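Engineer: Based on the sequences and whatever the hints tell you, model everything.
What follows is the residue order along each chain.
There are 2 protein chains.
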Amino acid sequence: MADEKKLPTRAQDFSGWYNELVVRAELADYAPVRGCMVIRPNGYGIWERMQRQLDDMFKETGHQNAYFPLLIPQSFLQKEAQHVEGFAPETAVVTHGGGKELDEPLVIRPTSETIIYSMFAKWVQSYRDLPLLINQWANVVRWEMRTRLFLRTLEFLWQEGHTAHATEAEAEDETRRMLGVYRDFMEGWMAMPVVTGRKSESEKFAGALRTYSCEAMMQDNKALQAGTSHNLGQNFARAFDLTFQTEAGELDFAWNTSWGVSTRMVGGLVMTHGDDNGLVTPPLLAPIEVVIVPIYRTDEDRERVIAAAMKIKESLGAWERRSPARLRIHVDAREGIKPGAKYYEWELRGIPLRMEIGPRDLDAGQAVLVRRDTREKRPYPLDTIGESIHELLSAIQDNLLETARARREANSVRGDVTYERFREIMDGDGAFVYAGWCGSGECEAKIKEETKATIRCLPDDEFRSAVAPTSCLRCGEKSVAEALWAKAY
Amino acid sequence: MADEKKLPTRAQDFSGWYNELVVRAELADYAPVRGCMVIRPNGYGIWERMQRQLDDMFKETGHQNAYFPLLIPQSFLQKEAQHVEGFAPETAVVTHGGGKELDEPLVIRPTSETIIYSMFAKWVQSYRDLPLLINQWANVVRWEMRTRLFLRTLEFLWQEGHTAHATEAEAEDETRRMLGVYRDFMEGWMAMPVVTGRKSESEKFAGALRTYSCEAMMQDNKALQAGTSHNLGQNFARAFDLTFQTEAGELDFAWNTSWGVSTRMVGGLVMTHGDDNGLVTPPLLAPIEVVIVPIYRTDEDRERVIAAAMKIKESLGAWERRSPARLRIHVDAREGIKPGAKYYEWELRGIPLRMEIGPRDLDAGQAVLVRRDTREKRPYPLDTIGESIHELLSAIQDNLLETARARREANSVRGDVTYERFREIMDGDGAFVYAGWCGSGECEAKIKEETKATIRCLPDDEFRSAVAPTSCLRCGEKSVAEALWAKAY
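Chains as they are written, first to last, in numbering that gives the first Met the number 0: chain A, 0 to 488; chain B, 0 to 488.
For the record, the hints were derived by calculation from the structure and aren't laboratory data. Computed from a predicted model, the values in this text were never measured in an experiment. Any given hint could be a false lead.
Stated by the list, open to error - Derived lysine-lysine pairs resembling PhoX-like cross-links, with alpha carbons at most 25 Å apart:
hint	chain 1	residue 1	chain 2	residue 2
1	A	K5	B	K121
2	B	K121	A	K341
3	B	K341	A	K58
4	B	K99	A	K99
5	B	K341	A	K121
6	B	K99	A	K78
7	B	K58	A	K312
8	B	K58	A	K310
9	A	K58	B	K310
10	B	K312	A	K58
11	B	K58	A	K341
Structural biologist: Next up, the structure:
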């Protein structure tokens, strides 16, 4: 049960606010092993809804689920030169099994390109076997030094899509398509607006030709990389001999893509919508959409009010909202806890709508609905309460996205900005800064060193400034690409 | 693509039949690491449907999902004496992380009692926090020596339920309730009849007070333990100091249960229903319920027939059968493959219904439906084909369960059986033998040594013989319990 103790405010201590919120709303807890977390039912319920929706979207775009092993021979990682450089330092290594030392150590997958493309090589013979469109839901382990619940943990849950195609163009299309699926999900379901674009060479995935990402602005103006999609070219196909016979009868290497999102998104949701009272969950992802808190003083009233609450739940609810007409409703009938304490707890947990119902409400044929986002409170007639709830949930979902987008735009800087001004911004409140870049890794590295800001992406067309910047933010040379700069998680 | 090559028959070589079927129907494949498997889309699609249904059933009985870490400190395993004895020899051990040797080695979870009850101890203070009803979907690793796809692999996927209760009676109720859920699922969805009962002391879970199981008969008359439910008593609560304040204000240890089923069930499904032509999938778990194979010779016919097939799919189908009226339909429009080869492939994969449709069928306003279970084939009018399909699918589901149950009963032996006869049975075709048992571990061990048969369970009331056996199968002493004996996977 949550303590009725105030969270730190976001303005005071954003980082402390986040950590306390996650623990006190019982989204997650610290595990006995350093850097690992336990995802508690309140947090897992959100993840589960994210999974179901994304899984539907993957299937609608022709992908099938499969499952590949957790343990990968150490030698596999070494077959792709950049890949091993990127991941080997972060691996957890199994050296003993069944009481004996292993001949070859096994690593716990930090990502599954190597094991998956080694299997694809067995399965793919001809162009008829392509495209091969696979996804897996799995846990991965990366031995991170600085960890934070959901945002960066030694073990995390994710999905990783892996595909093989006959042509480079098809692979590029797939890479972009899945980035689009992620964006649709993040905006349509998480109500979290994102900027999409391509990563610079220094920030791309170890082993990829090109990496694209979705970047979201958190309430401290830092960026969260919320999903990535990689065009892997033929790099892994060459490393694992993934060849196929073309329609013309020749032998060629397949073209691969991989793309992933993780439990990190739960952290992104918290930092996008949460307020000083706790979590605010977008209705589409809320495990509970409406909590009914019955109000009474006498035993007689209690019976009457709880019966009415259960009746509402029964007539409108279902534990799983398979049918769009059914709602996920919970009646908080706990005894010995005052309504105020219940309100506090459900606000902390971010339930989108609260229904308060007492004997006088029943006499008047009404119930009070309180929105979590605006905290607006007003009575609604009971005989049309289902419609009212549906309308309010949809209004909350829309409002969260609009609010987040307006906040991002208010904290974005475009147009000419001197490097001095840029440093002031990054030393101060931070922002998404769209600026010119000469394209050199040297300028990029110096800016990172001097300001901790990085190129989040080279934004896609629709996010670029109306007037393209002409010179590089740092060196003043001719700009070759507009870059989105920000500090990041 | 499957080779058009005959499987070994079940009668010739049951074990070879199973292994080849699993690989050739592309349910699973061997991974590069010994004893690990890749679950391919055809197999994962079945597992996924099992998961969704079980998950619904767990939620309907009040459980919530959560996720606990993969890595467990080695010392945790040692806190419960029987538990460490049972599991320590099978663990995979991580000794290095991030390039350094760890201070304390970590084991990859072989099961999660230790880590979960250590967390419950943090979360539970009072009887108000109970019952705590948690489930997790996860991968586990057990370093097995002899492995077989789905049936016994180093890594497997499963769910493990873990609950904490205020009283012993509640924990026992929960243990039995979840055994009942497993049975309902196995019979109602997998069409796999099971015998439920209690395990003997020597076969119970390491650390449990009592273990119950569901035992299914495979087509070689061996038993498959398909699910277990454990009453853990206060063993783990004592080991992890999981205490709570009772309503009377005293401090007591909580009572725990755990229960699990795994990807092993997919192997059970294959060995229950498969035939010499391949897999037979119960419709409720089939990723595809109906495959439409268009038949044509000319281009003109092709266009017409495929258009009709797509129209049927569109009017009746959905990739996910959320609404009971929608069907999971696939149109096999691949070119360059003859209908016969397609039939062969879809039979191997066990799709419950095949629809054959050609120009003459269209002229006659009909399509041919072929049942996978009975291979019965007849035309049905197109204008009521949806109803016909629903009826046939439901008939197939029922028939599979009835057939499996009749086979089990025909291969069960009850009543007086001499030990000599018992040995003949176990040396020969095998059977489920219900016989008397004196209750001694010594007789149990000797029978196992001499015949390889084990006590699968002490069956629940409804499975016991009308006339209770009076003497022990081996020693002839007074029987204290009727036992179900069989060789097992």
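Engineer: Compare the structure with each hint and give your call.
Structural biologist: Taking the hints in turn, this is what the structure says about them:
Note on K5(A) and K121(B): the hinted pairing holds, with a Cα-Cα distance of about 21 Å set against a maximum of 25 Å. Proposed proximity of K121(B) and K341(A) is supported: the alpha carbons are some 22 Å apart, at most 25 Å. Proposed proximity of K341(B) and K58(A) is supported: the alpha carbons are some 23 Å apart, at most 25 Å. About 20 Å separates the Cα atoms of K99(B) and K99(A), which keeps this hinted pair within 25 Å; it holds.
Taking the CA atoms of K341(B) and K121(A), the gap is about 22 Å. The hint holds against a cut of 25 Å. Between K99(B) and K78(A), the direct Cα distance comes to roughly 22 Å. Compliance with the 25 Å bound is thereby established for this hinted pair. Proximity of K58(B) to K312(A) is assessed by CA-CA distance (about 16 Å); at most 25 Å being required, the pair is judged to hold. For the hint linking K58(B) to K310(A), the alpha-carbon distance of about 20 Å falls within 25 Å, and the restraint holds.
Proximity of K58(A) to K310(B) is assessed by CA-CA distance (about 20 Å); at most 25 Å being required, the pair is judged to hold. Between K312(B) and K58(A) the alpha-carbon distance is near 16 Å, which keeps this suggested pair within the 25 Å criterion. Among the hinted pairs, K58(B) with K341(A) is consistent with the structure: their alpha-carbon atoms are about 23 Å apart, no more than 25 Å.
Hint compliance for this structure: every hint is met.
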